[in-house]
Amino acid sequence: MAFDSFSAFIAMGGHGPYVWICYAVFTLFMVGLGLWSRRQQKAVLRSHKQRLSREQNGAANQGAAPASFTRIHPS
Amino acid sequence: MWQFIRQLFHKFGSPKWFYGIASKMMPWLLGIGLILLLAGLVWGLAFAPAERLQGNSYRIIFIHVPSAFLAQSIYIMMAVTAVVTLVWRMKLADLFVRAVAPVGAVLTFLALFTGAVWGKPTWGTWWVWDARLTSMLILLFLYFGVIVLMSAITDEKSSARAVAVLVLVGVVNIPIIKYSVEWWNTLHQPATFKLTDKPSMAPEMWVPLLLSVLGLYLLFGWLACLRMQTEILKREHRTRWVRDLATAEGN
Amino acid sequence: MTPKVPAMPLAVVRVSAWRAMALVVRRDLRASLRQRQDLLNPLLFFFMVVTLFPLGVSPEVSFLQQAGSGILWVAALLSTLLSLDHLFRHDFDDGTLEQMVLQPQPLFLLVLAKSVAHWLLTGLPLVMLAPVLGVMLHLDGNSIAILCLTLLIGTPVLSLIGAIGAALTLGLRAGGVLLSLLIIPLYIPVLIFGTGTVAAAANGAPVGGYLALMMAFLVLAITLAPFASAAALRISLSNS
Amino acid sequence: MSEPMLKAVNLQCERGDRILFQGLDVSIVPGTITRVEGPNGAGKTTLLRILAGLNDSYTGDLFWCGEPRAWQREVFHRNLLYIGHRPGIKPLLTPLENLRALSAVRRPLSDGALCQALDGTGLQGYYHVQCRNLSAGQQRRVALARLLVSDEPLWILDEAFTALDYHGVAGLEQLLVEHAASGGAVVITTHHDLDLPGMARLKLGVGEPMNDA
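Protein chains in written order, with full-length UniProt numbering: chain A, 1 to 75; chain B, 1 to 251; chain C, 1 to 240; chain D, 1 to 213.
Don't read these hints as lab results, they were simulated from the structure. Where hints are given, some of them may not hold.
[Stated by the list, open to error] Heads up, simulated DSS-like pairs for lysine-lysine below, C-alpha to C-alpha not over 25 angstroms straight-line:
(1) Lys24(B) x Lys49(A)
(2) Lys91(B) x Lys178(B)
(3) Lys91(B) x Lys49(A)
(4) Lys157(B) x Lys42(A)
(5) Lys24(B) x Lys120(B)
(6) Lys49(A) x Lys16(B)
(7) Lys16(B) x Lys234(B)
(8) Lys120(B) x Lys178(B)
(9) Lys7(D) x Lys203(D)
(10) Lys42(A) x Lys16(B)
(11) Lys178(B) x Lys24(B)
(12) Lys42(A) x Lys91(B)
(13) Lys157(B) x Lys16(B)
(14) Lys234(B) x Lys157(B)
(15) Lys120(B) x Lys16(B)
(16) Lys234(B) x Lys42(A)
(17) Lys24(B) x Lys42(A)
(18) Lys91(B) x Lys157(B)
(19) Lys49(A) x Lys234(B)
Chain A extracted, bound-state conformation (with noise of 0.2 angstroms):
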């Protein structure tokens, strides 16, 4: 251990905020990236298990329906 008390650990001879600041935005940071990573594949499984049951619920329109070009009279 290369320091006597928890304090000077703390205080690490003047620079504590320094060290501190540093080690916590680090901290931060990679959490961060992580739980953004893990929510975003959340949310892709999520997003594809939505549309997969719209698709068995729904009928499913495949390709695009050819165009009539009738004139629409709202009233």
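Position chains B, C and D against the provided structure of chain A, taking the given hints into account.
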């Protein structure tokens, strides 16, 4: 023979195969990576001796150097896969660059941030136009360019190939940039003393450093697998196996 | 079903790549000279950006002497960047680019010719305007001479590297801004050595080595950049 | 039966989520006119650009005179004349300059021959007018004048009849038939109701959504 190589190549290039392998490897990557990184950081923070000149502020090295190191290696890895994308048009290579570029940018940012905070007790200012920091800043710009181009081109295949060209051009430039920034630095302010690059480092210092570098590497492997899986799921959403996966795991 | 017609004889490639390159340069110069305003714009921009520094920072002789070469280099870099967006865009819009890709000559050489034409139309005028602005920034004669020399070697590099970005961002919506973001980091070494050489000359140091290094950049850019631009062009055209 | 000039085997092209076509085999034989047909968005232009070598985001193999095309790009492009949606005419140059620039990199021709070609497309008296002052149909004619002095056996024409008037269409049809009769080959898309003797049709359907790959 040729046929055999081609088949092998196809197998390794198959997204489905990769998805399975990645799922198996990821817990190990995450577990061992975390253990190594934590061991390195705790050792570095609490047990390694203080540095003679800088005191305890040098303990930032245990995250600064791994971040910087990894940020640079990620760009190199991207360049290698860019060659694969352009020459063999392998799907997985396309996905790798797409998945990993944001990670590289974040690590570059962390290297810059920790470097800047480290500079405050060492040089007395938050930002010094030091050669290392400046090169890292330019690397960050390169990453931004890649990410911006990636999102600007909607067609996935064209996007992957265009980004591959950009990454290769960037990787040719990196040594030139490094060299010129160092030369520029000596021209303007002869460096009094640098943050890292100590002539001799005690084993109690470099062993934890090595541990955290290794740990971060493995964690990056985990992140890369995870993010590539996501890209695979996005791109292969019409295939049966992804459909099955979605119905099974979507809950 | 198939009619029995003897096939037409195949045509052979007769026109050399050099001739085709010369034709590309000539066509670009001719078209640009009919649209002179486009030629003038980067020069005006160069002039105005340089004027901003004495107004925005300080008109003191000592400051301008110290910062002059850097200001001129940055302004030249920015105006090159501004003009790059047009490098392939007009050709892309009117279909000339497709025809260039279909020419029976290596595409990278034709792209090299396009870059040469671009330099002749923007880089060279910038180099010629630089001495006037150098005098306005109180640079001494020796510095101005070295500055022009570095610009003369450096601006072709800017055109060649810029062509890669122009090719990559072809047909994209925010093409112009995107182009700058991609290319500026790649311009940094040229900028550093361009201004560094002038600074070294001002300190009385020999500059032969630095100029040789810049020539090496130029050679490297000539040999490598056209390949990257050609690859990027093919990708952009595939996407359109 | 003559050898196919250009042959495509097992072409597949995707755009976004859709497969435009897959397992498509195309043979372009000398002496034929092939019309590529299909509704909007079926991939007609994409197919033509793939055949011309402008689009390389496809899978499959392409052969020129029996050899892989990628090995002989320059020879292939020397023997191909492609006119796309965008005709490749610079608005700032005159018709004569445009035509000269386009032909000089393939086969240098005298100005006399080029002027004759412009005459043949009805552009007498417009030799020295900048193309930006011409109408869309006239600009199209400048591009089509290349056909009149072409020695390339393979013509790929995308929407060749766009912006042409009645006489222009008739003349161009005649030109295509003559080119095929003399041993050349034409690949064409058009919305114009084209029915030439011996014309082959290549029908592209609406792309299907991708299923199990």
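Comparing the hints with the structure gives:
Proposed proximity of Lys24(B) and Lys49(A) is supported: the alpha carbons are some 23 angstroms apart, at most 25 angstroms. For the suggested pair Lys91(B) and Lys178(B), the alpha carbons sit about 32 angstroms apart, so the restraint of at most 25 angstroms is broken. Pair hint Lys91(B) plus Lys49(A) holds up; C-alpha atoms about 24 angstroms apart against a cutoff of 25 angstroms. For the hint pairing Lys157(B) with Lys42(A), the CA-to-CA distance comes to about 24 angstroms; that is within 25 angstroms, so the pair holds.
This hinted pair does not check out: Lys24(B) and Lys120(B) have alpha carbons roughly 44 angstroms apart, beyond 25 angstroms. The suggested pairing of Lys49(A) with Lys16(B) holds, with an alpha-carbon distance near 18 angstroms, which does not exceed 25 angstroms. For a cut-off of 25 angstroms, the pair hint linking Lys16(B) to Lys234(B) stands: about 13 angstroms separates their Cα positions. Restraint check: the Cα-Cα separation between Lys120(B) and Lys178(B) comes to about 23 angstroms, which is no more than 25 angstroms; the hinted pair holds.
Distance hint between Lys7(D) and Lys203(D) is fulfilled; the C-alpha atoms sit about 17 angstroms from each other, no more than 25 angstroms. Restraint check: the Cα-Cα separation between Lys42(A) and Lys16(B) comes to about 18 angstroms, which is no more than 25 angstroms; the hinted pair holds. The straight-line distance between the Cα atoms of Lys178(B) and Lys24(B) is roughly 39 angstroms, outside the 25 angstroms bound, and the hint therefore fails. Our distance criterion of 25 angstroms between C-alpha atoms is met by Lys42(A) and Lys91(B), whose separation comes to about 22 angstroms.
With a C-alpha separation of about 18 angstroms, the suggested pairing of Lys157(B) with Lys16(B) holds against the 25 angstroms cut-off. Of the supplied pair hints, the one linking Lys234(B) and Lys157(B) holds, its CA atoms being roughly 13 angstroms apart against a limit of 25 angstroms. Of the supplied pair hints, the one linking Lys120(B) and Lys16(B) is violated, its CA atoms being roughly 49 angstroms apart against a limit of 25 angstroms. For a cut-off of 25 angstroms, the pair hint linking Lys234(B) to Lys42(A) stands: about 11 angstroms separates their Cα positions.
With a C-alpha separation of about 18 angstroms, the suggested pairing of Lys24(B) with Lys42(A) holds against the 25 angstroms cut-off. Note on Lys91(B) and Lys157(B): the hinted pairing holds, with a Cα-Cα distance of about 9 angstroms set against a maximum of 25 angstroms. Between Lys49(A) and Lys234(B) the alpha-carbon distance is near 12 angstroms, which keeps this suggested pair within the 25 angstroms criterion.
Figure legend: structure checked against the earlier numbered hints; hints not met, in rising order: 2, 5, 11 and 15.
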